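2 protein chains.
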Amino acid sequence: MSPQPLKIVVIGGSAAGPKAAAKARRLDEHAAITIIQQEPDLSMASCGYHYYVGGVFDDRNLLICTPAGIVRDPTFFEKAKGIEALVETQALAIDRTAKTVTCKHLPSGTTRILPYDKLVIATGASTLYPPVPGVTLDGVLSLHSLADADALRAVRDAKQVRTAVVVGGGLIGFEVCEALHLAGIQTTVIEKTAAILPFLDPELAKLVENYVRTHGADIITGNGVAAFLGTDGTLTGVKLDNGTELPCELAVVAVGVKPNVALAASAGLAIGALGGIEVNDWMQTSDPDIYAGGDCVECTSLITGQKVLAPYGDLANLQGRVIGQNLIHAGAARFPGVTHTGICKIFDYTVGFTGLSAEQARAAGLTDIETVTVAGLDIPGFMNGKLLISKMVAQRQTGRVLGLQCIGPGDVSKRVATVAMAIRGRLTIDDLANADLPYAPPYSLALDHVIVCAHVMENKLLGRMPGICAAEVKQRLATGADCFILDTRTPREFETMRLGIGETLIPQGALRARLNELPQNKDREIIVYCAISLRGYECAAILQGHGWRNVKVMEGGVAAWPYPRER
Amino acid sequence: MSPQPLKIVVIGGSAAGPKAAAKARRLDEHAAITIIQQEPDLSMASCGYHYYVGGVFDDRNLLICTPAGIVRDPTFFEKAKGIEALVETQALAIDRTAKTVTCKHLPSGTTRILPYDKLVIATGASTLYPPVPGVTLDGVLSLHSLADADALRAVRDAKQVRTAVVVGGGLIGFEVCEALHLAGIQTTVIEKTAAILPFLDPELAKLVENYVRTHGADIITGNGVAAFLGTDGTLTGVKLDNGTELPCELAVVAVGVKPNVALAASAGLAIGALGGIEVNDWMQTSDPDIYAGGDCVECTSLITGQKVLAPYGDLANLQGRVIGQNLIHAGAARFPGVTHTGICKIFDYTVGFTGLSAEQARAAGLTDIETVTVAGLDIPGFMNGKLLISKMVAQRQTGRVLGLQCIGPGDVSKRVATVAMAIRGRLTIDDLANADLPYAPPYSLALDHVIVCAHVMENKLLGRMPGICAAEVKQRLATGADCFILDTRTPREFETMRLGIGETLIPQGALRARLNELPQNKDREIIVYCAISLRGYECAAILQGHGWRNVKVMEGGVAAWPYPRER
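Sequence order for the protein chains is E and S.
290 is the number of the first residue of the first sequence in this note's numbering; add one for each residue after it.
290 is the number of the first residue of the second sequence in this note's numbering; add one for each residue after it.
Here chain E stands alone, though its shape is the one from the complex (with noise of 0.2 Å):
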């Protein structure tokens, strides 16, 4: 006679929760397995709920559909996958002891106890709302689950509204800004933190504003909102912290999310500082027959070793199959941590991270690092190619490669899973500054755009390249500081575009014939620059080799130029 079949029960269906199951049953056959979730879709494509409230496709099947075109319902589940899937069901309560779980159908009422061998808790996150009044107002939306991507197509096709206010300007913030954008609605994102997109540092998030801000959508920063305004019951406005008043007839919250853990909670289960369930590498929580993923609960990072929330969904998949594995064989397999890799399009750009921004490094106690700023094309001229503007982060000592922030409407996406590869292999500049990467025309420059910034940081690292960024330059320029500025490129460059900073142009092949017109006074301060300051670096080093002794780089050059420019 065969054993009893293992019963494992899960608590959530989106991402985690059913990719748990579906390894599980790939791994046991005859286990009963169960999913409660409280949606009525299951495995839905949330990432993808933006791009259909903003109509780049019309098909809502397609973010609850398999490739093959199948809906992911309970009878997909029950046929295909041999899981039962109770939807719009809630799980009200674990009883470690016994081993159940109580749950309950949210149409009929009708109260279910499971029992479990194995649980899986992937209970998700949900979105964080400001404090303050008028948040029950109609109008005032999230993006975070497919009854809002809904709401918020049901208003695109609606085309009633024309005015919208997302309050956050965090990663979701921009992707609903996207989608309202896509959906043809006049869109202010504000935020109120002095910066938006708290991943890069601020002189990369100055230059996103920029963009954007050129590209028809406002940004408000350094203001949070107050209140949202309304008049009987529906959305009219937002009044921000100093007082200014938005009019508008939506608004979308968008300042995070939290953790589910309540039920986890209840049933004694250990959480963390930051609010997530504790997991080990595992992905077992303080109940070793109780696993969590997904984004109720903490991750370790591989660069700090800290904890951290990372509430994605490639990062649920992952975790999902992790635990699949040992529901059926404990221990099989490991979660090793994250490393803070993101991504997200907005309009024509695109904004990409992996690892630690230099703040985010300071921040977790790394002291000892050290910038670089690059701007270059990311596939030849003669190609069409197009901007990336990179700051990359690395440990001074070891050469260590910490972090990557990249932007532009170049191909940013191949250049961080890149450098989220070298970071995970524990690579260095050195072996970034010789990588073998694919290299032909339609893909990339000879020299690829993340081997450029090994090279840079390199340079800076042996001491080669003294660096200065934008953010230092105009400080300069705010005291008053005795510094020569001089841009390198052609007059022809020049008079199409220049910072208007008292800067003076030379040339770079007239450098060396125009030493005259150099500050005679060796030690004062020349700050050098070109487009993308490749040919600064070059006048850098002609200007050190006579003589000069305090010549600085401004990195990315004109184009990382986060302030206003002369034209």
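Calculated from the structure, these hints are not laboratory results.
Keep in mind that the hints are not guaranteed to be accurate.
The list treats identical chains as interchangeable, and a pair is accepted whether it falls inside one copy or across any two copies.
Claimed, not checked - Pairs of lysine-lysine residues, derived as DSS-like cross-links and limited to a Cα-Cα distance of at most 30 Å, are as follows:
| # | residue 1 | residue 2 |
| --- | --- | --- |
| 1 | K675 | K368 |
| 2 | K296 | K811 |
| 3 | K448 | K596 |
| 4 | K634 | K448 |
| 5 | K811 | K368 |
| 6 | K634 | K528 |
| 7 | K675 | K634 |
Note that the structure is a prediction, hence the values are computed from the model and not measured.
Place chain S on chain E using the hints.
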């Protein structure tokens, strides 16, 4: 008094040479640096030649300009870089005792003797020509130098040539094929060996072959060129080894290149077994004052430790940069070796690879390997995802990633770059299986294609997925083996496209209810597949769970089937 400036002579003005010279200049403003270049141009973007030939852009200057639009001629080198560039000048001899290079200005015949402290040899490679009659006929060209590009561009612009043969089905051959196709010339690629693109395993090469054939070019394999045929000194056709005559007005030879080592060999420098100049990790030849880099040297494989020829433009630049540093600070920089990475656009397909194919791994003596073939989309279907077909190779015992071949209309380049970095970091399948890559629908599936490759590989390594490749299935069919073939797609998919190899259709969702339709002999071999073989894998698990002991998943499913099919 200043010390005597360092005298540096660089032979070769294409990639490695100018890069070495420029890097040396940046580290020493006072060195006397001279480049000897046989051709009239300098620092040509040679990998862009075929796009110029094909008419992707018309301004030839783009091939020899800086991004700021300045032509990299001797004046530019003098003014911007402080480097003397002697063009149309041939290096005749190196006297290592006197430390001089004798060179001749070709137009005038004037000879000069240049003394050096440090010498760089970057003499590149030359096109190999098959040793057959007619190779000097008008109309037999190659695409290696800018002069070749000019000649082929003239052919395009004259619009007289309608039919061309490309001799050689490797990377260069298909780049030429792409160029001629863009130029509107009907092209046949002929390849002496059984399969095109030798860096791919045969079944992937076959998929590319199928694609190219249905998109406007012809391919003949297993048949080399026996003679170029002509009338009055002008090409009229190509005769193949099997006697077939292909009429054509143009033949482009692209069977490969050989390192230019005559000068180095005459000077008594060590030449390796593969015919390239021997260099150590510092790119130093057997004479410590002479460095060499680019297509004329042998490199070390980071995977096998063996010597390889790797004539790629990106590596030449990297090596030039290493040399430039060592010229000024001996021992400052190392070039660790190559991971064998390349990429090529063929019409709307991309063909990329990094590391070793299964055949290359075996040829290098690595027998303990496992492979997987995986098909899937690059981004979600609702974002118009495109197909990628990959074959990954790993070391069985250690799980170390050894290679990825990736082809298809999807974003191949990103996946190859990602895995190239993983190989550089000596990462394992386990590392890749939990990689934290940038995920958003415009850029990736929730589980990126390379992660899925790692998952399938892991399943094979752990014995969870018994895979069989299309070639083996074909072999089974050819020998009349008694296997049961199961297609697990939907009836609609089956109507649209099917193999017609005796398969039975049982959709995944119906399988558990129709197990009685399967062979009752549970040791009989069952081969199962779907569109890409994800459902196939799940169905195999179902069958194994119900006692079938000889179930195999046909990897990559219908998408990776390279043979004729019923519809």
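Here is what the structure says about each hint:
Only between protomers do K675 and K368 lie at most 30 Å apart by alpha-carbon distance; the minimum there is 28 Å, versus 48 Å within a single protomer. For a Cα distance limit of 30 Å, the shortest separation of K296 from K811 across copies, 27 Å, qualifies, whereas the shortest one inside one copy, 78 Å, does not. Proximity of K448 and K596 under a CA criterion of 30 Å is satisfied in neither setting, with 44 Å inside one chain copy and 65 Å between copies. Proximity of K634 to K448 under the C-alpha cut-off of 30 Å is restricted to the intra-copy arrangement: shortest distance 24 Å within a copy versus 43 Å between copies.
With identical chains, the CA atoms of K811 and K368 are at most 30 Å apart between copies only, with a shortest distance of 23 Å across copies and 79 Å within one. In this homomeric assembly, K634 and K528 come within 30 Å of each other (Cα to Cα) only inside a single copy, at 28 Å, whereas the closest approach across copies is 53 Å. Within a single copy, K675 and K634 get their C-alpha atoms as close as 15 Å, and across copies as close as 18 Å, so both meet the 30 Å cut-off.
Checked against the numbered hints above, the structure violates only hint 3.
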